[in-house]
Amino acid sequence: MARWLLGRTAQAGGTFVVAVVLMFFIMRLSPGDPLARIAGDRHLSDVEYQQLQERFGLDQPLTTQFRAFVSGLARGDLGTSISLTPFSVTSLIKARIPASLLLGGTVLLINFTVGILLGVWQAVHRGERLDRWLSVVSLTAYAIPSFWLGLVLAWLFGVHWHVLPVAGMHTLTLAPDTPWLARAADVLRHLVLPATTLSIVTIAATIRYQRTAMIEALGQDYVRSARAKGLSVRQVVWRHAWRNALFPVLTLFGLWLPLFVTGSVFVEAVFGWPGLGGLTYEAISGRDYPLIMGTAILVSASVVVGTWFSDVVHMLLDPRVRLQ
Amino acid sequence: MIARPEAPFDRWRRSGGWLGVVVLVGMIAVALVGPLALPDPASQPDIVAGAQPPSLAHPFGTDVLSRDVLSRVVSGARISLAIAALAVTLSLVLGATFGLVAGYWGGWVDTVLMRLVDGALAIPRLFLLLLLVTVWDRLTIVPFVLVIGATGWFGTSRLVRAEVLRIKSEPFVQAAQALGAKPARIVRRHLLPNTAGPLLVAATLGVGNVILLEAGLSFLGVGGVRPPTPSWGRMIFEGKSVLATAPWTSIFPGVAIVVTVLAVNLIGEALRDHLDPKNA
Amino acid sequence: MTTLLDVRRLTVNFFSEAGTVTPVDDVSFQLAKGETLALVGESGCGKSLTALSILQLLPRAASIGPGSTIELDGQDLVPLDEAALRAVRGARIAMIFQDPMTSLDPVYTAGSQITEAIRAHRNVGKRQARERALELLEEVGIPDPLSRFDQYPHELSGGMRQRVMIAIALSCEPQVLIADEPTTALDVTVQAQILEILDRLRRSHDMAVLLITHDLGIVAGRADRVAVMYAGRIVETAPTDRLFQHPAHPYTQALLASVPRLTGPLQRLTPIQGTVPNPDAWPAGCRFHPRCPYAFDRCQQQPPVRAVADGHETACWLESPQ
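Which chain is which? The protein sequence lines are A, B and C, in order. Residue numbers for the first sequence follow this note's numbering, beginning at 1 and rising by one. Residue numbers for the second sequence follow this note's numbering, beginning at 325 and rising by one. Residue numbers for the third sequence follow this note's numbering, beginning at 605 and rising by one.
Honestly, the hints are just simulated from the structure, not real lab data. Take these hints with a grain of salt, some might be off.
Here are some of the chain A residues that sit facing chain C, going by a computed Cβ distance under 7 Å [what the hints assert, rightly or not]: (1) Arg-28; (2) Pro-31; (3) Asp-221; (4) Lys-229; (5) Leu-231; (6) Arg-234; (7) His-240; (8) Arg-320; (9) Arg-322.
Residues from chain C shown here face chain A by an in silico Cβ test under 7 Å; the list is partial [claimed, not checked]: (10) Phe-633; (11) Arg-690; (12) Ala-695; (13) Met-699; (14) Ser-707; (15) Leu-708; (16) Asp-709; (17) Pro-710; (18) Val-711; (19) Ala-724; (20) His-758; (21) Ala-789.
So the derived label-pair ranges between C-beta atoms look like this [unchecked claim]: (22) C:Ser-647 <-> A:Leu-316: 39 to 45 Å; (23) B:Thr-421 <-> A:Arg-75: 36 to 42 Å; (24) C:Gln-906 <-> A:Glu-216: 36 to 42 Å; (25) A:Glu-216 <-> C:Ala-687: 25 to 31 Å; (26) A:Asp-221 <-> C:Gln-797: 19 to 25 Å; (27) C:Val-682 <-> A:Asp-221: 44 to 50 Å; (28) B:Ala-486 <-> C:Tyr-898: 55 to 61 Å; (29) C:Leu-750 <-> A:Ser-71: 54 to 60 Å; (30) A:Glu-216 <-> B:Ala-486: 52 to 58 Å; (31) C:Ser-761 <-> B:Arg-439: 38 to 44 Å; (32) A:Asp-221 <-> C:Glu-777: 21 to 27 Å.
Quick reminder that beta carbons are idealized off the backbone N, C-alpha and C, glycines included.
With the hints as constraints, model all of the structure from the sequences given.
Following this line, the structure appears as structure tokens:
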């Protein structure tokens, strides 16, 4: 088992390295000048432009830039933001992580409670009217762009009914001596719409995966054996069927982990949520390539870790795989 | 767990597929014919008149520049569907080619290619595209389509490669080779029939994906569809600033996206039931 | 002989794309206390569905038809709801299935699947259940039960898995054991062992056994009575010896004739002409008549069940067994 773990971890590391190299070259090779925007915005003279180029190492040959990039990465230095100079990318990212974790964590929680429950329910009640309607709703949710849904909900609850806030994470006009409980409640109120939006567009996939996996599990012989033993419906469905239907859903967890880290670029953009997704959005608006690189590297890392994690948990939970 | 007839459920699923076809065909028809019947969406912008709510003259209302939203949505359909179709085709071709090469040649070519694919798959497609287009000066439609297509072939290549490897080891292939059959013939006669189904399903579902991606990138302002050419994503973005006063400018393009992607997904699902039941 | 399980006019309907079919059509038989009844037939004759319907474990698309009666000790099981059925399953009637690899849950240990069965019906603590499970493992002839207890199904051989299934079935001392093709998925050498165990346990636990099989060979010497099934119907019922020596139904005769003999002079195998009909295309009248060498015009009508001798019934128009 330890050998497998080592191998799998090495594989994850290798994949990440390839991803980082790919990202570097893709970005550098895309036509366009990373400094064009800021040069245009600030009307830089030729001399200032030259200085800026030197500062960001853009006058160096590609291989030198790559080496600098890699050594920086090894130190945890992702470079300096262009649009938000002089802040370093790393510090900007760090500042945004708590908000991302809050939004992402909430959405993950909803996915893996409500999503799983609905998926299991659908499988057990397969073919009934409610199952069909849920499937239709799920399929529709798949088709909804998250940014549009965000705007619709923002309009509905923020403008039309004016019951929930639609921007940021805090109410800016809160008095400095507000007790922490009220502050927390304020944050939660701000969390509702972005979390709902993101949950709706992601839960559809969770429900479908779980439903499919459960239907297959329920059709297995060991479920029939469990019923033949006289076990209760709950034991048959959860202890036997779901325990086996867990695996595809674990894969989904690995898929959703990046979401946990970055929230969603679109949702955070619409609601001004100060997480990593929002940071990415600002980076895009500012044509800030070191910042985009930084968030892209982070999200790729979370993809690699996410899939690694779900493979490991799969291995731990499935005795057929574990005891090789 | 109780006895229930299976047949009606499957019929229902299949009718979903047909509904998708009807809707999609309808959309394509509207996209092709519509702009001829409706007012030109790029017609004189009129800042003074501003956004008008839906009325008989303008069923979807007008946007901030007093352009008819309905005709813009319809024109946007053309753009979005065309981009999606072309990008998916490109992805399909690239994926099939690389998958074939990797599977057939094997050895270090296969290893290198698959390592690259693994690395690329670790980057969410949105971010891959962002890395490409954010710094791109004046991105136009053609490079935009190419870029989208170039980022969507990784999964397909794995699929094709797996099939190639499976077929390579089949005795009948070795027999065919012994008889002097050329690789092209083997590909045509054995590989294509087996992969056609799953590939078609992947392509169909990919269309929906691309529509959403293109809309998203346009919303973020980095799409290749430049104003005044209408793009659903861009329209939603433009409507964002007047959301409080003129929500219809954002709502209708979004509805169009949902309906189109839903139709495409229904078709894809129905196709999957038929052509790729293992993965259904 | 007291009748323990009384199945009368059992029909099972199956919904499919093509419409509704009736793979089990008006089946009746009795199982007496302490006896082994073998339900024999080729694949597709409906014997497995018959067995599953007793505990109402039918697949989703199937249901028991109206007019069916399945009485256990005088109580009709058909109208029972899930809760009531749960009290019967495992506790009064237990069932073992054909493929022990897929019939055991791969993510739980063998031992835990036995204790689970015990604790489903008995109010005992974990330790007590574990001890009882170890006893059962010994009873079914598994050497070193202590280590096997904590092993997973994929770590056990086919024969051992089936023994575990038997242990599970026995755990709550059921009155009836239904064994659906218990040896079909096993090696020939292991088959005999499993049948031996079933026989021994039947006697020691005073159970009645309903043995479903397509293999006439395992019936001889193991079953007290045999019911032969063809195309959803029972065509002959008789004590085992009598069936083998004086088969009354042409189908039974043909079945026996098609079994190769290891002893005696070498004979040519005589297969049965034609193929087994599909449930959506049952022949009218006696379902075997298209393949029957003795068929005559009366066979277009379904023959009534009539007694040939004491305890020997058949559904055929022919007057005498020839």
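Hint-by-hint comparison with the structure:
no. : hint                                : result
1   : Arg-28                              : 48 Å, violated
2   : Pro-31                              : 53 Å, violated
3   : Asp-221                             : 4 Å, holds
4   : Lys-229                             : 4 Å, holds
5   : Leu-231                             : 5 Å, holds
6   : Arg-234                             : 11 Å, violated
7   : His-240                             : 5 Å, holds
8   : Arg-320                             : 5 Å, holds
9   : Arg-322                             : 9 Å, violated
10  : Phe-633                             : 20 Å, violated
11  : Arg-690                             : 5 Å, holds
12  : Ala-695                             : 6 Å, holds
13  : Met-699                             : 5 Å, holds
14  : Ser-707                             : 5 Å, holds
15  : Leu-708                             : 6 Å, holds
16  : Asp-709                             : 4 Å, holds
17  : Pro-710                             : 6 Å, holds
18  : Val-711                             : 6 Å, holds
19  : Ala-724                             : 5 Å, holds
20  : His-758                             : 5 Å, holds
21  : Ala-789                             : 11 Å, violated
22  : C:Ser-647 <-> A:Leu-316: 39 to 45 Å : 40 Å, holds
23  : B:Thr-421 <-> A:Arg-75: 36 to 42 Å  : 40 Å, holds
24  : C:Gln-906 <-> A:Glu-216: 36 to 42 Å : 41 Å, holds
25  : A:Glu-216 <-> C:Ala-687: 25 to 31 Å : 27 Å, holds
26  : A:Asp-221 <-> C:Gln-797: 19 to 25 Å : 22 Å, holds
27  : C:Val-682 <-> A:Asp-221: 44 to 50 Å : 24 Å, violated
28  : B:Ala-486 <-> C:Tyr-898: 55 to 61 Å : 57 Å, holds
29  : C:Leu-750 <-> A:Ser-71: 54 to 60 Å  : 58 Å, holds
30  : A:Glu-216 <-> B:Ala-486: 52 to 58 Å : 21 Å, violated
31  : C:Ser-761 <-> B:Arg-439: 38 to 44 Å : 41 Å, holds
32  : A:Asp-221 <-> C:Glu-777: 21 to 27 Å : 24 Å, holds
Hint violations for this structure: numbers 1, 2, 6, 9, 10, 21, 27 and 30, all remaining hints satisfied.
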